[in-house]
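Given only the sequences and the hints, what does the whole structure look like? Please build it.
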Amino acid sequence: MSELTDVAPSGQDAAVLNSHLHPMASYELSDFPTPNGKEEVWRFTPIERLAHLFEPHGAPETLQWRANYPTGVTIGELSVAEAVQYGFQAPFDIAAANAFNQEVSGTKIQIPAETELVEPIVIDAAGAGGRSFGRVLIRIGRNAKLTLVIRYRGRAHYSEWLNVDVGEGAQLTFVSIHDWDFDAVHVGQQSFQIGKDAQVKTVTASVGGDLIRLTQTATFSGTGAELELFGIYFVDAGQHIEHRLFIDHNQPNTTSNVDYRGVLQGSKAQGVWVGDVLIRKAAENTATYESNKNLLLTKGCRVESVPNLEIETGVIRGAGHASATGHFDAEQLFYLRSRGIPEIEARRLVVYGFFADIIRRIQLPEVEARLFEVLESELETIAPPVNLDAIERL
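Position 43, counted from 1, in the sequence shown is what this note's numbering calls 55; the numbers after and before it change by one each time, with no gaps.
Rather than coming from a laboratory, the hints here were simulated on the basis of the structure.
Derived EDC-like pairs: lysine to aspartate or glutamate, alpha-carbon spacing no greater than 20 Å straight-line:
#: 1; residue 1: LYS157; residue 2: GLU126
#: 2; residue 1: LYS213; residue 2: GLU128
#: 3; residue 1: LYS157; residue 2: GLU238
#: 4; residue 1: LYS50; residue 2: GLU316
#: 5; residue 1: LYS157; residue 2: GLU128
#: 6; residue 1: LYS293; residue 2: GLU322
#: 7; residue 1: LYS305; residue 2: ASP288
#: 8; residue 1: LYS213; residue 2: ASP271
#: 9; residue 1: LYS305; residue 2: GLU240
#: 10; residue 1: LYS311; residue 2: GLU355
#: 11; residue 1: LYS280; residue 2: GLU316
#: 12; residue 1: LYS280; residue 2: GLU390
#: 13; residue 1: LYS305; residue 2: ASP369
#: 14; residue 1: LYS208; residue 2: GLU238
#: 15; residue 1: LYS305; residue 2: GLU343
#: 16; residue 1: LYS280; residue 2: ASP193
#: 17; residue 1: LYS157; residue 2: ASP209
#: 18; residue 1: LYS157; residue 2: GLU240
#: 19; residue 1: LYS305; residue 2: GLU390
#: 20; residue 1: LYS293; residue 2: GLU324
#: 21; residue 1: LYS311; residue 2: GLU390
#: 22; residue 1: LYS305; residue 2: GLU316
#: 23; residue 1: LYS213; residue 2: GLU238
#: 24; residue 1: LYS213; residue 2: GLU378
#: 25; residue 1: LYS213; residue 2: GLU380
#: 26; residue 1: LYS120; residue 2: GLU73
#: 27; residue 1: LYS213; residue 2: ASP369
#: 28; residue 1: LYS280; residue 2: GLU60
#: 29; residue 1: LYS280; residue 2: ASP195
#: 30; residue 1: LYS157; residue 2: GLU380
#: 31; residue 1: LYS280; residue 2: ASP222
#: 32; residue 1: LYS213; residue 2: GLU131
#: 33; residue 1: LYS157; residue 2: GLU378
#: 34; residue 1: LYS311; residue 2: GLU392
#: 35; residue 1: LYS305; residue 2: ASP271
If you anchor each label on the Cβ, the simulated ranges turn out as follows:
#: 36; residue 1: PHE366; residue 2: GLY88; range: 37 to 45 Å
#: 37; residue 1: PHE194; residue 2: PHE366; range: 21 to 29 Å
#: 38; residue 1: ASN297; residue 2: SER350; range: 43 to 51 Å
#: 39; residue 1: GLU52; residue 2: GLN344; range: 34 to 42 Å
#: 40; residue 1: GLN375; residue 2: GLU40; range: 37 to 45 Å
Because the structure is a prediction, the values reported are computed rather than measured.
By construction, the Cβ of each residue, glycine as well, lies at the ideal position given by its N, Cα and C atoms.
And the structure:
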């Protein structure tokens with residue numbers, strides 16, 4: 013998208029992906045059978061805890077959006093027909109398709125070309141209970157430069173389809189903070205289309221709710237584009253937090269980097285991270301790397317970490333992935349305790365440092381401060397100390 017006009021975006025390479033990792037996308041809800049949990053894309057998800065978001069009937073609501081939109085930025089309603097016309101990525105699963113097709117009013121945000129915003133746009137998206145659905149399209153004009161922050165909170169059971177179309181040469185930092193109440197459910201699809209020479213950085217923080225399942229996808233509409241995906245998640249007892257990423261390198265000379273980190277504690281705390289990068293035959297000179305690290309604080313929690321690479325050309329600058337899951341480093345704890353730091357405080361410091369490296373990459377003090385505030389509240393729940401000798405035996 014070179015500028016904001018009433019011309020629909022040209023879209024992406026529509027070649028069919030012949031892989032169980034990539035279910036066919038469609039705007040039609042009828043194209044998605046109800047999952048039973050045996051499908052590859054659903055096998056880690058507790059279907060029974062979100063099945064009500066698959067049902068098209070009922071009395072749906074929308075979240076209450078409040079924001080400080082600056083002069084020049086426009087916000088309006090988004091119908092299903094308009095979303096089909098100007099959107100670029102159809103829903104990948106039944107929950108997103110159901111959200112897309114609801115009769116509730118959608119939201120369209122447009123940032124004009126050449127706009128440069130010093131202060132971030134901060135959106136407070138609050139739920140008041142019940143089933144809620146979102147259909148959101150964000151269009152960012154050529155050479156625009158901004159930060160957009162969405163903080164989700166409240167007690168909604170929320171399903172969302174969100175497209176972000178980033179114009180040529182634009183620079184976007186997109187932060188989503190999932191700070192829901194303890195009984196909230198959020199199933200979302202966030203998709204990014206990145207224009208020629210554009211730079212996109214996303215930071216995702218999932219710390220609340222009963223169940224969060226986010227699918228984040230990215231594709232490129234021009235060469236020279238750069239993408240960074242950073243994420244943190246803190247999973248407490250009984251929570252299920254799942255992040256699924258798909259980066260489709262369909263243009264040459266593009267770059268992506270993924271770094272997600274999770275901390276889990278408590279009985280039946282479950283984290284899931286599935287990352288997939290596809291480098292198509294036409295995407296020569298691509299460079300990509302994805303990493304996922306998980307820290308287990310107690311027994312009884314579980315994490316699934318599944319990185320994938322699909323490469324269709326031998327002409328690349330580099331591609332790799334890494335995944336690591338483990339308990340506290342006994343040497344780190346011993347070092348801190350030997351300097352007079354109580355064990356419970358030492359454990360909190362280790363977790364703080366584990367996440368701080370990601371948060372500081374945002375490079376926006378006010379956004380970083382908010383994430384550190386959320387992290388501090390989670391650190392208060394750190395489990396009681398355990399015997400160091402027991403840690404060394406793990």
